[in-house]
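Chemist: Below are the chains, spelled out letter by letter.
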Amino acid sequence: DAGITQSPRHKVTETGTPVTLRCHQTENHRYMYWYRQDPGHGLRLIHYSYGVKDTDKGEVSDGYSVSRSKTEDFLLTLESATSSQTSVYFCAISGQGRETQYFGPGTRLLVL
Amino acid sequence: AQSVTQLDSQVPVFEEAPVELRCNYSSSVSVYLFWYVQYPNQGLQLLLKYLSGSTLVKGINGFEAEFNKSQTSFHLRKPSVHISDTAEYFCAVTFHSGNTPLVFGKGTRLSVIA
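Protein sequence lines correspond, in order, to chains B and X. 15 is the number that the numbering used here gives to position 15 of the first sequence; each next residue is one higher, with no gaps. 217 is the number that the numbering used here gives to position 105 of the second sequence; each next residue is one higher, with no gaps.
Just chain B, same shape as in the assembly:
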């Protein structure tokens, strides 16, 4: 298995509070991604990174920001959480060729 961890694995928070999810990799891969998974929608890309401090928006980026100050860490921040951001969040990584993405175990977020 690719060395990807996500923290926390579960979180319950209240509307309006900031939340940060962390993805950590030990593979030294260049590309990192954040997806959310919702019933009936599959996985949708939030943001991705193609290098340290290089990021770009995905399909559902509104309400989310990211940062990548080190190769191994990719942070996803919900500045002011809303109930519509209740979801399962997955981090993924891929190498220079970008062909194959490997996924972390996911973070379940509930916004009350």
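Derived from the structure by calculation, the hints contain no laboratory data. It should be emphasised that the depicted structure is a prediction, and the values quoted were computed from it without experimental measurement.
In silico lysine-lysine, DSSO-like type, Cα no more than 30 Å apart, as pairs:
#1 B/K11 - X/K218
#2 X/K218 - X/K190
#3 X/K170 - X/K190
#4 X/K161 - B/K57
#5 B/K70 - B/K11
#6 B/K11 - B/K57
#7 B/K57 - X/K218
#8 X/K170 - X/K181
#9 X/K190 - X/K161
Computed from the model, here is a short list of chain B residues facing chain X with C-beta under 7 Å:
#10 G42
#11 L43
#12 L45
#13 Y48
#14 E99
#15 Q101
#16 F103
#17 G104
#18 G106
With the Cβ distance kept under 8 Å, some of the chain B side facing chain X (calculated, not the full set):
#19 G40
#20 G58
#21 F90
Cβ atoms here follow ideal geometry from the backbone N, Cα and C, with glycine treated the same way.
Position chain X relative to chain B; hints supplied.
Modeler: Then chain X, alone, in the frame of chain B:
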């Protein structure tokens, strides 16, 4: 815009029967194609992938898929399913040109019935 369509949201099948999960994509450029499996309360695991070469691709757990460029399809098959194959299956595509991440289908829930 590129897209992936998984034609069946749910597929029930009896144990030891064959199964086909359908996937079609739209793209005007060359593609890489993937199938991922997600077991309950787990992350996604790569099942198989097509990058180039033979259009018939074999993956883990006895699954295989065939890339059909003319029909823009990448259907997943298994000749005899087991209870343990019960899971959600996602088809995904990325493109040879540009810096494009994966685009996923909405998933097919395979339920194997004893």
